[in-house]
Structures are given as structure tokens and as C-alpha cells.
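S.K.: Each chain is listed here by its residues.
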Amino acid sequence: MSTVFEPEALSWYEGSARQRIAALVDPGSFREAVGPEERETSPHLALFDLPEQFDDGMIVGRATLDGARILVAAQEGRFMGGAVGEVHGAKLVGLLRAAKALGLDVLILFDTGGVRLQEANAGETAIAEIMRALVEARCAGARVVGLVGGRSGCYGGGGLIAGCCSALVVTEQGRISVTGPEVIETNRGVEEFDARDRALVWRTMGGKHRYLIGGADRFVDDSPGAFRNAVCEVLKGPGRLDLETLDAEQARLEGRLARFRTAGDAVAIWSSLGIDDAPAVPGLSTRAFRALAVCRENADDAR
Amino acid sequence: MRDWATQKAARAARIAAGASFARGKVVQAADLVPFLGAVLRPGDRVCLEGDNQKQADLLADALAEVDPGVIHDLHMVQSGIVLPSHLDVFEKGIARRLDYSYSGPQAARIARMLYGGQIALGAVHTYLELFARYFIDLTPQVALIAAVSADRDGNLYTGPNTEDTPTVVEATSFKDGLVVAQVGEIVDRVPRVDIPGDRVHFVVEAGRPFHVEPLFTRDPGAITETQILTAMLAIKGLYAPYGIRRLNHGIGFNTAAIELLLPTYGEKLGLRGQICTHWALNPHPTLIPAIEAGWVEQIHCFGSEVGMDDYIAARPDVYFTGADGSLRSNRAFCQTAGLYACDLFIGSTLQMDLSGHSSTVTTNRIAGFGGAPNMGSDPRGRRHPSEPWLKAGAEAYPSTPAPLRRGRKLVVQIGETFGDGNVPLFVERLDALALAEKLDLPLAPVMVYGDDVTHIVTEEGIANLLLCRDADEREQAIRGVAGYTEIGRRRDAGLVARLRERGVIRRPEDLGIDPLDADRSLLAARSIKDLALASGGLYRPPSQFRNW
Amino acid sequence: MTLAEILAGLFPQGHDVVVTDGLVLGTGTRPGGGVVHVLGVVEGAPLGIDGALKLAGKVLAIARSGDGTPILMPIDSASQRMSRHDELLGLNEYLAHLAKALMLAEAEGHPTLGLLYGRSAAGAFIATALATGHLVALPGAHPEVMDLPSMARVTKLSLDVLTEKARATAVFAPGLDNLVQTGAIHEIWNPQASLAEQLETRLAAPAAPGDRRDRLGAERGGRPLAAAIAERVASRVAEHA
Amino acid sequence: MERLSYTLDAPIPAGGTKSQAIVGVVASGNLEVLLERVLAPDRCTVEIATAAHGFGEVWAAVVADFVTRRAAGGLRIAINDGGARPDTVALRLAQGARLIAGDVP
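Residue numbers (the numbering used here), protein chains in the order written: chain X, 1 to 303; chain A, 1 to 548; chain G, 1 to 241; chain U, 1 to 105.
Note that these hints are calculated values from the structure, not bench results. Be aware that one or more of the hints could be misleading.
If you anchor each label on the Cβ, the simulated ranges turn out as follows [unchecked claim]:
#	chain 1	residue 1	chain 2	residue 2	range
1	A	Ser-521	G	Leu-25	52 to 62 Å
2	X	Arg-188	A	Gly-69	35 to 45 Å
3	G	Leu-25	X	Asp-300	26 to 36 Å
4	X	Arg-261	G	Gly-44	39 to 49 Å
5	A	Ala-10	X	Glu-192	27 to 37 Å
6	A	Val-423	G	Ser-150	23 to 33 Å
Derived list of chain X stretches under chain A, where covered just means 3 residues or more per stretch with a C-beta under 8 Å from a C-beta of chain A [to be verified]:
#	region
7	10 to 23
8	194 to 205
To give an idea of the chain X side of the interface with chain U (calculated C-beta under 8 Å), a few residues [as the list claims (entries may be wrong)]:
#	residue
9	Asp-49
10	Glu-52
11	Gln-250
12	Ala-251
13	Gly-255
14	Arg-259
Where is the CB? At the ideal position from N, CA and C, for every residue including glycine.
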């Protein structure tokens, strides 16, 4: 007998970037750097007669998590689809450079469609800078944890930045990918990818699949509390980035490619992982899924 | 001497012509176009089954392929103009006249074709009205229908989406018309007999299910705070005081919000068992949380809804189900139920004028009516009393002695004062009037007439038109809830204030509702996934609604 | 210039570079006798999971050697490979892995030099050329994030309007000059002068401390705000901490 | 973008002591409202940058109602609007006034 569904107070998926930060870190501990009152908006959107947002869709600052000092960045996925423009990107660059200097761990709350087209060159370059600053921070000993569960997913350059993080925490709704379904469909045809088939989109790029193939380290419910617990756990682990890490990642990615080279669909991959009723995976609750996912490809801290 | 059986002879001739393409009653899909060419006659009245949900899509596509040199000037009498092929037949000259009810997905194209003179329009009906005319002056000579399966004798299983089929077959087959059914598969024995085989003359196996549109699935993720506020107003300001137990909901997001607030906000108000127990309603996924929480006693359905079949089958105490365990829907009966046995209809519209007339027609889009004008009207033939009906009657006709006083069905229009793209809901003049002039129609396509509307709910409050004593009060009551639209800004502030004192207009604060409490966390489900979880995994949403 | 011409110009002493399936691998001999590792994406090939993994494996092997041999990365690619299968297997990880490998090799003392001589786009550009420590380009190179017709579709602006806007700013339209202005590309080499000399000059230059692309963008006017904002964020966060 | 600006007498001073608050996001049909406590407690200014042109009259009415009904005195309010409907604007303004008053975290 099922009972009435009672949602938690804040859905991560639905929440704004500011709500997510507030609900994630220790209450009242967040201090924003270059906040909306400074009105550092995009200098490029006016050219397209598009509205600006005072924080350009990126909120950065410091906070404490379980009492420990950390740095936090959050993308607002509803403003321009969370896309990375000049100011948006520069804020994260600055934060990651500070992480290197200060030796502080960083949380990146992803919610992005990738590069912002109206300032594509600035966004593309910013993503390269973010990746470099992230890698340098990690080489200096900082952990950088990516949280993926927003409306806009983690696409394009966002997917590449996520791939540089020391650990990723995802929800079922969270999607991680480079090329979005619509772009694949536009370039290669609907036979290659039917972008309107949402079940296909999620089983190809969604959180469950990413977790199962070792593309993410923790799979959590769509709530700030679940993210918080998982983040605290992975922050206890190593985040070091050195040649050994990358050798291990090389082996991990080679293994994945060898094992699933011929798999045509996520369901085939899940089956070959040893999941009996693979087609039922998307319908499973978090708890049931995690129990089943013990057979997943491990991420081995190798990223 | 007069031959009294010309129609029987005509049907026999059609059957004989069709038989050359058939083995028994079974026609191969590959032969469908020449088959239709053989059984149809120019000028036939044809019912091509299709409403806002199920579609005889295989037959529709085949009909659009017949040779217009042979088959032309058909008179289409059908519920829905939904598939592109429904209009292709007019474009190609196969059909000429049209009497119909609903054209949502083809609203723009049908408008262009009506303006272009490619369609000779009889009338836009409400479903029940069109069904009624099937038995009087629009009886089909040929019906092209859809079912899930058939046996070789033509017994049909229509499954959960029975919808219009029994009505169409009744009118056609018993008046010597020809019935052709497309079925997903031909089986030895159908799970239940929805249409007896002696009413069906030919069957064609499509090899796939007929098309069904998930029209009644509303993603809770898209419900706005303002819609939640209007839903709170409706529950606390209308459902509770009138004690609405028997009702019908439209398909908009405002009413979806009401459904999702019942187990949360409604529960907090202690209304379970007091309101919303008996429904004429499609199997709305958004009602799942309320059903699971024990709010709903029973629901009769016009049609089914994609993905809801297993859930329905597992809740037979709530839904009408057949011997096979699956839903039995019936649009004609459910429309009748909505008209006569419900005390409230609540739905949304695109435009409303100062008399309360509403319409979903805009100059570029003619969406038709579907069931709304039937649901959204006061049945003058009703004779049984109920508390809400009597209370509304007393408000409307206070000076009439109670034993001679009609009750009133509550007909509620709910919506935000501005729609998509900041288009105002309230207008000086309905676009429907411009359309009527342009097409030279004797009647403007008004969905719900002002004199049937009893209440208007917007984010600004509730206007109770039953309490208005003259046209001026009525106009100001409407202006008084029209928000920041031009209609709203041009209100007579003094008169509106007096109407509010009399309770004709009630603001959120008058009902103890703080608009800032209208939060999405009040929704019993905030996503389609929540609905699937609430159903215990029985509701299986179609792919386009999933984000998992 | 063709790849063969470029390699001949860079390595008059010879090279053993071969191209297979759009990937270029090998070494070139420096005038002084040392070598330069050459690896990249050429012939307009898209970069998929297998290509990225192969390049990364090579980069990591070089990094492990610890001999400080420079890595030259010629690029004339398409974008990342746009396919369901690549995404299914986690293309983002493969591309990020390659980028990380390049940056780690650099940190281990192997200067990385990107040489953009043809096209490159989107994720492939980020994972290769933009992940090197210093990116040079040859005239005729054509980097792009998205082509203008696609951009016109997405922004619902006409191609004419976009072309007109592109004249006013370097920030969105494809093309070498625009990416030089944003600071993504450090310098343009002169194809008329000796490529070998320009390479040697570059390799002799002291490694610049840190990523100075945002400052280049500010100096060149293509990204007026990025450097200042990044700096302000970093100092504010440090103050608070 | 259309830019609108209003300066009004505000009968009710904003509650609480927070120096600033921000609500909403700029998206299609949505808006952000930045409130800063920088004015005399009986004044309120509202600056709007909106993607939807020609709605000046509606904005004037929404803003006037807000300042009359809610605690807005002392606030400099800046709005970036993605074409939100007036009901959404009114709601965000009210949420902003509540947020700066500190009624909710």
C-alpha cells in the first residue's frame, strides 16, 4: 500500500543557485564575493538586447561545511541556461585561483548548458581557464567536488570541467554530457539521437547511468541534505591530482572503452554489468538503485 | 410501391463492393486505399473516429490517399480535427463539409483553411451535441473507427480508450451505415466485447496500437506559484463553502494545481471527505496523490490517459473497469454525467469579456470546444437537488420561493489575469466575434456563455457573479478580479470596494490566504517522477514527460 | 599551409611523424639535436573517446619519462565527435582526461605548445589546443565555438544581423582574430619566416607564471572584464578567509 | 531593453535590518529583484530593465500598489526582467520585501 508522497522542503532540481548554496552549507555561513550589489553584469548581452542578471548567473564565495572552511560556486541554470559567459566564467576562475592560494576545497554546483553563444569566444576561453585553474588547485592539494542535479544539467564545457573535478555527486535528474541531444540530432539526424525521447536522453546522460559506468562517485536524492552528506564523505577522501591519478584514470577509461565498445544502449551496458532487470533501472527509487548499483564500474578515485 | 429499405440495400452494396478486398471481414492494410474507394460514395457523411485523445490514424491516412476524382465532397462529421490527414482530405478535395467539435493541435491550420474557403463549415459543437446530431440529422453513412483488437467475427475490444466508439457505432450501424474498424491486432478471442461483431462490417489489422495523445498529463514541474494561489482560492473560497463533492475539472495547470493541493492544503483545511469525492474526469495523473490519500470515491472517465492503465486497473474501487480489469471509458455517458450529475465545472479559457463570455478562439487559432461548453453550462433539465446546487440557486434568485427555485450548477472560470507572452485574459471584445464576422457565421464560437458562468477565480481574487444584481455590477465584479490588465485597471474603485464588502469579490486576504504562502512545496507532487512514485510505480509516464 | 609543409618547416632536420585516422603522432628533431614530441588532431577529424584516450596515453607516457621534452600539438580538427555512443560512454571524461594529462605533463616539466593551423571547435578545441601552456596559430586557422548559421538558429537572429554585430565585437563570432583578441591564442606565427626558428624562440622563452590569457584578453580588448573580475574574486575570497 | 524608473513615497518602512536581499532569476517570464536599504525610510525607488517593451503603464500600477501595500520604505529596488507577467512581478516584489525584513532565512 503506497502512501502519500511528501516532498522534502527544497528540491535541488527546482531550487535556485542561491537556495541551493543556502541549504547546502552551514546555515548563514555563506559570504559571497562580487555579489549582485556590485552589478558586474555581462557587458555583451546588451548587444543582443537580452536582459542581464546582476550576478551573471554565477555565485561564488566562501562558507563553512560542518565547520570546515570551503569555497563554493553555483551556476544559476535558469538564467541563460546556466551558460558560461565572460563574467560568469571569470568568477569561477578567480575562486579556483584562490583555492590554490589558500589550499581550500571547492564545491561547484553545476547547472549549465555550456558556453553562452552570445559571448562564445569569451565563454570558451573561460572554460579553458577554469580547467587550468581547477587542475592547478588540485595539484596544490585542494579537492574540487562537482554537484550535478540542476535543470540545465552539466553540458558542453561544463561536462569537461566536471571531468576535471576530484569527485562528482549526481542525482537522477543530473545529466552530464558534452554534446547535448538537440545538437547531436541537428548534426547527425534523428536516427542518431531522438532528442525528444526523454527517457533515452536520461539513460544516455543521466545520473544513474553516469554513476553506473563510474562517471560519478556518489548518487543521491534530489535534496540539499543528501548532497551535503555525500559531499562531506567525498571530502574525506583523497583529491590529489598527479601522474599516478591520471595513469589510474587512463586504465579506468581504457577498461570502460574495452568493456562497452560495442554496447549500443545504456540498457545493454547495465545488463553487462550484471543487472538482471536492466530496463527497470530508471524507475527505481534511490535506495533500491544504490543497492543494485554495487556492481557498477568503480570510479576508484581515479579522476 | 415505395421501397422502404433503400438504406439497407445501399449498405449491402457497399459491403459487396468491399468484400472483394476482404477475406471474411478482414481487409489487409495494404488494400485499404482501394477498399475505401470501393465502399465510399461521393457526398457521403463520414465519421472518421478521433477525438482529443484516440485516433483512427491508419484509416485517416488511407482516406487522405483516395482518389478525389472518384471520392469527393464528403461531409465529415467527427469529434476531432487532430491529425494532419484530417485536414489533408479537405485540401485534396476528398471532403468538403465539416461538422466537428475539437481541433486543438490543428487550430492554426484549420483557421487558415476556413478563411481560405477550403472547408465548408457546418458548426463547431460540443461533444455531446455532435453525438446528439448523429442520431437526428448528421447520421454517418460510413464510420471509420479504432479499437485495440478484434476477433474474426468483428467483435471489438476498445480497451481503456473506448471513448466515442460505442456512440459512433450505435448511430451508424443501426441506421444502415457501414462500420470499418482499424485494430491493433486480430486475436482469437477479445479480452472483453466492447462492440458486438454484428455492428462491424470490416476490420483492418494495423499491426500497431492506434495513436493516443497524452492530453491530460500536466507536468507538476510547470505549475507556477500564481497557479497555486488560484488553486488555494478555489479550494478555500469555493469548494469548501459550497461543499463541492461532485465535479469536473478542465485540463489546465490551475486545476492540476487544485488536484495536487488536495492532499496537502486541502488536508490542512480538514476537507477530506467533504469535497471532491465524485468525479467526471479523465484519469488525470495529477489526481494520483489525492486518490492515494483517500480523497476520491469514484471517477467516471471520458477516455483513458497514456501510462495510467495499470494504475487504473489496480484501483477498481475508484474507476469503472470491465471484466478484463481495464478501464471502460465512454465519452457520451461521461459528458452526460458531467452535465447532469456534477455540481461544479472549473476550467480555463484564453479570453473573457466584460459579460463573462469566454472563448478559446483567437483570430489565428480555432481550437474548437471539446466538452467545455457542455460541462460549463447550467442544465435546465436538472431536477435533483444537492446542497451546492441549492445554495448557488439561492444566491442567484434570492426572491424566488425556495420550492420553485432552480438551483445553479457552479461554472467557474479560473486563470491568471495574463497568459503566455503577457496576453491579457480579459478583453473588451472576444476575438470570436471578429472570426464570426470574417467567416460570416450566424453564431460566434463562444465556449462558455456569460450567463452560465457563476464564478471567476484569478490571482487577485474570486468574483461571485451569482450575487451581481445588474450588468453594471457584473462588469465591475469582473474588472475587480482582472488584475493589471487594461480591463482591471479601468475599474470603478468605489464600486469594486462595495462589491468586496458584500462578498461579491473576495480577495486572498478576505479568505485568510497569504499570497506568499503559495509555494511549490505545497504541491503533493512536484514532478512527473513524484507522480510515478506516488502511484507505487503503477503510473508509467510516456517518454516525453520523463526526466529520469 | 599543409601539415607536411608545417612539419618540414618546423623540423628541417627531419621528423618521424605519422598520421593515422586523424591523429598525428611522432617526434621532430630540433636543430640542436634534441627532439620534440608531436601529437595532435589533424585532417579535420572529430575527437572522440578513442582518439582522446590514445593521445592522453601518449602524453602520460611522455610525462612519466620526466625528461622535459617539449610537446607540440598541431591542431586542425572538427569539434568533439557528436554521437550517441561517445556520450553514452562518457565523452566528457575522456576529453577532460586528455586536458588534464596535457596540464600535468606541463607541470612535470614538459612545455606544451599548441599549434592551430586549421579548424577546431567546441569541446575538441578545449581538450587539445586550449589545454596547452602556450597556443600559437598560423594565419588561415579558423577556430570556432559555433558557426554563425547555427548561432542564427539558436539566437533567432538573421545571419545578416549576426554578421553586422560580429563587426562590433570579437566576443562571439568564429575566427582566428577574435580568439586572439579574447586571449585564447597567445600569438600568431609568421608563415613566411622560419617556423623552426619561431619554435626555438618559443621553447627558449621562460615559462610564464600562471595563466595569463585573461590579461591578454583585457590588453587586446576582446575580454574587457574577465581578468579584473577573476582577480577581484580571488582577493575578496582571500580577505574573507 | 526598456528602462523604467520610479520614485515613490513609501508609507511603510521596510522591516528588519538587512542591508540587501535578492529574489528571483532572470528567465523567460521571470525576473530578479534586488533590494538595497539605502534610502530615507519614507522613500522607495524602483529601476527596471525589461525585455518586454510597452508595458510602462502596467509597471507603474504594479509598483504603486506594492509600495502602498508592502513595507518598502527605504528601499532602492532594481529589477532585471525577462518578460514576467504582472502577477509574477507583484509576487517577487512581495517576496523581496519579506526577505529583506528577515521574516524568512
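S.K.: Work down the list of hints and note, for each, if the structure agrees.
M.R.: Here is what the structure says about each hint:
1. One distance hint, 52 to 62 Å for the beta-carbon pair A:Ser-521 and G:Leu-25, holds here, with the actual separation near 57 Å.
2. Between X:Arg-188 and A:Gly-69 the CB atoms are about 42 Å apart, so this pair conforms to the stated range of 35 to 45 Å.
3. Checked against the given bound of 26 to 36 Å, the beta carbons of G:Leu-25 and X:Asp-300, roughly 28 Å apart, stay inside it.
4. Distance hint for X:Arg-261 and G:Gly-44: a CB-CB separation of about 24 Å, inconsistent with the stated range 39 to 49 Å.
5. In this structure the hint that A:Ala-10 and X:Glu-192 lie 27 to 37 Å apart at CB is violated, the actual value being about 53 Å.
6. Taken as a hint, the range 23 to 33 Å holds for the pair A:Val-423 and G:Ser-150, whose Cβ atoms sit roughly 31 Å apart.
7. Counting residues of the region 10 to 23 of chain X whose beta carbon lies closer than 8 Å to any beta carbon of chain A gives 4, which reaches the threshold of three, so the coverage claim holds.
8. With 6 residues having a beta carbon nearer than 8 Å to a beta carbon of chain A, the region 194 to 205 of chain X meets the requirement of three or more and the stated coverage holds.
9. Nearest Cβ of chain U to the Cβ of X:Asp-49: about 6 Å, under the 8 Å cut. The hint holds.
10. Proximity of X:Glu-52 to chain U holds as hinted, the smallest CB-CB distance being about 6 Å (cut-off 8 Å).
11. The criterion of a C-beta within 8 Å of any C-beta in chain U is not met by X:Gln-250, whose closest approach is roughly 40 Å, and the hint is violated.
12. Hint status for X:Ala-251 relative to chain U: violated, with the closest Cβ pair at about 42 Å, above 8 Å.
13. For X:Gly-255, the suggested interface contact is broken, since its CB lies about 41 Å from the closest CB of chain U, more than 8 Å.
14. Violation of the interface hint for X:Arg-259 is found here, the shortest Cβ-Cβ separation to chain U being roughly 41 Å, above the 8 Å cut-off.
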